[in-house]
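If you read the protein sequences in the order shown, they are chains Z and Y.
Residue numbers are given in the numbering used here: position 50 of the first sequence equals residue 50, and the series is strictly consecutive.
Residue numbers are given in the numbering used here: position 298 of the second sequence equals residue 298, and the series is strictly consecutive.
Among the hints, erroneous ones may be present.
[Unchecked claim] Simulated coverage check for chain Y against chain Z, where a stretch passes if three residues somewhere in it have a Cβ under 8 Å from a Cβ of chain Z: (1) 7–21; (2) 385–396.
[Claimed, not checked] Sample of chain Z residues lacking proximity to chain Y, with all beta carbon distances greater than 12 Å (derived): (3) His7; (4) Asp15; (5) Asp19; (6) Asn43.
Hints were generated in silico from the structure; no laboratory data involved.
Built from N, CA and C at the ideal position, the CB exists for glycine as well.
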Amino acid sequence: MHPLVMHEFMNDPIDVSVDFTGRRIRPKRVRWGTKVYDIEKVNLVHGAREGQKRIFYFSVSDTANFMKLRLDTETLEWRLVEVYAP
Amino acid sequence: MNRIILHLDFNSYFASVEQQANPFLRGLPIAVAGKGRHSIDVAMAHRGSKSIAIDQLQFQRSVVTTASREAKKRGVKTAMGTWQARKVCPEMLVIPGDPQKYGDVTARFMKILRKYGDAVQQFSTDEAFADVTCASGGDYMGAVILAQQIRADIAEECGEYCTVSIGIASNKFLAKLASESKKPNGLTCVQPHEAEDFVLTRPLADFCGIGHRIEKHLEKLGATSVATLRRLPLPLLLSEFKSYGYFIYNAARGLGSDELLPDEDPKSVGNSYTFPHDLKSSEEIYQNLLALADRVAWRMRKQNFVATHISGYIRYSDFGGYGFHRRCKDPLIDGLEIANTAWKVMEEKIDIAQGVRLIGISASGLLPIGGSNSLFEKDRRKARALQALDKVTDKYGSGAWQRAGTMKTSFKERVSGWHYDHES
Numbered sequence: 001m002h003p004l005v006m007h008e009f010m011n012d013p014i015d016v017s018v019d020f021t022g023r024r025i026r027p028k029r030v031r032w033g034t035k036v037y038d039i040e041k042v043n044l045v046h047g048a049r050e051g052q053k054r055i056f057y058f059s060v061s062d063t064a065n066f067m068k069l070r071l072d073t074e075t076l077e078w079r080l081v082e083v084y085a086p
Numbered sequence: 001m002n003r004i005i006l007h008l009d010f011n012s013y014f015a016s017v018e019q020q021a022n023p024f025l026r027g028l029p030i031a032v033a034g035k036g037r038h039s040i041d042v043a044m045a046h047r048g049s050k051s052i053a054i055d056q057l058q059f060q061r062s063v064v065t066t067a068s069r070e071a072k073k074r075g076v077k078t079a080m081g082t083w084q085a086r087k088v089c090p091e092m093l094v095i096p097g098d099p100q101k102y103g104d105v106t107a108r109f110m111k112i113l114r115k116y117g118d119a120v121q122q123f124s125t126d127e128a129f130a131d132v133t134c135a136s137g138g139d140y141m142g143a144v145i146l147a148q149q150i151r152a153d154i155a156e157e158c159g160e161y162c163t164v165s166i167g168i169a170s171n172k173f174l175a176k177l178a179s180e181s182k183k184p185n186g187l188t189c190v191q192p193h194e195a196e197d198f199v200l201t202r203p204l205a206d207f208c209g210i211g212h213r214i215e216k217h218l219e220k221l222g223a224t225s226v227a228t229l230r231r232l233p234l235p236l237l238l239s240e241f242k243s244y245g246y247f248i249y250n251a252a253r254g255l256g257s258d259e260l261l262p263d264e265d266p267k268s269v270g271n272s273y274t275f276p277h278d279l280k281s282s283e284e285i286y287q288n289l290l291a292l293a294d295r296v297a298w299r300m301r302k303q304n305f306v307a308t309h310i311s312g313y314i315r316y317s318d319f320g321g322y323g324f325h326r327r328c329k330d331p332l333i334d335g336l337e338i339a340n341t342a343w344k345v346m347e348e349k350i351d352i353a354q355g356v357r358l359i360g361i362s363a364s365g366l367l368p369i370g371g372s373n374s375l376f377e378k379d380r381r382k383a384r385a386l387q388a389l390d391k392v393t394d395k396y397g398s399g400a401w402q403r404a405g406t407m408k409t410s411f412k413e414r415v416s417g418w419h420y421d422h423e424s
């Protein structure tokens, strides 16, 4: 592992502000604890199934961090599941 | 009319998807690791209750399922052990594979191909053929334009970092050889009149269907290149390779099948698993066999099949092992029945002292499920219980229930292979 890289998997509750465009949603801002991150890019969105439950993962980044966000479409709950900071 | 076949192959697939998702990985040597001791199941980690720092993971018994272009340039190869890859490229980042992510991108890729192709055949998780004879107007220029449109759609739907190499030719063998010839992001069109000359320029190692063993065999016959292979007469190839000699003879001349195979019912349903540590007790081996058999049985029932044959294999820590095949008296539908049928054979032959590294179990001779017409209440009750358990799995996902006897087992999702575990 590169000594300067922080890469962690987690499952932390977060607040996310989103934009709705047609049938798509785009995360705009993430509040994780006391920190707030403005999303610059949504790099990839992928879906997954947990039984009948539909989950969406948003791979997003700002200028300094990569974050993977998990949206449970049944409970509408957002979680921060991965962080990478070079 | 000659067909026009496209072969599309993602470049460094899993690594490119990871680099698409995380822009900070772009330009870096990275490797996507398969499951292994101390590796993690990404989907499970996302639902877990504790944070996991990647630099604490050791990725023992893990292999490189895909290396990024940058890692390949530094000598990292697919299927290398991660420890070996790190020796070759110490600065390489190892990322745990995320099959759900790759499965979703593969589904988008196939959807795009179906939009453009007259027929489509998926060849692996990151490769597919498309017959575009009609869609292109039977014209190679039309096929090139179509290929560019497909490439643009892939960039739009999967991300610009997920690039494909495309080969266009009159048959599948040649189309694949063409796509292999220019990476990454290549587009190679081989028209029928160019085929023989094009094949001459390619090394035999690039031929799909000529693996390391056949290549060595050909070398002994004096064929080290396509030109020398062409000098070998067909009767010699048939005597050396039996009917496979026809394929080799034709491949050297750029000839091959242009028929795209439709999705067919499976001939077997199987599951194998390499364990993070060697299993050294019969209890542990049976428990894992049962857990694997439950997975096989669930997939079989989901596709409405029962099995009439069971086969399996064991691999020991020294990579030796044995396999078996058993025909069943009655069709099997339950994981417990499958495991017990296999265990009857395995129990006598297994050499526990050697330590079991891998167990594989497969159900074949598949027949459609009939109704539960058994005269015996016990059988009807079991059928009802299985239906109820399958409903629970459908609703809450695999892992929603587990037999008490398999509680000590846990399987990480495979990263490589033809199918993703979460889709079965």
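A quick look at each hint next to the structure:
1. Here the stretch 7–21 of chain Y counts 3 residues with a CB under 8 Å from a CB of chain Z, which clears the bar of 3, and the coverage holds.
2. Proximity of the stretch 385–396 of chain Y to chain Z, defined as three or more residues with a beta carbon under 8 Å from a beta carbon of that chain, is established by the 4 residues found.
3. Separation of His7 of chain Z from chain Y is inadequate, the least Cβ-Cβ distance of about 4 Å not exceeding the 12 Å criterion.
4. Chain Y leaves Asp15 of chain Z outside its interface by the beta-carbon criterion, the shortest separation being 18 Å against a cut-off of 12 Å.
5. The Cβ of Asp19 of chain Z lies farther than 12 Å from every Cβ of chain Y, with a closest approach of about 19 Å, so its non-interface assignment holds.
6. Once the 12 Å rule is applied to beta carbons, Asn43 of chain Z is inconsistent with being away from chain Y; the minimum gap is 5 Å.
In this structure, the hints that do not hold are numbers 3 and 6, in rising order.
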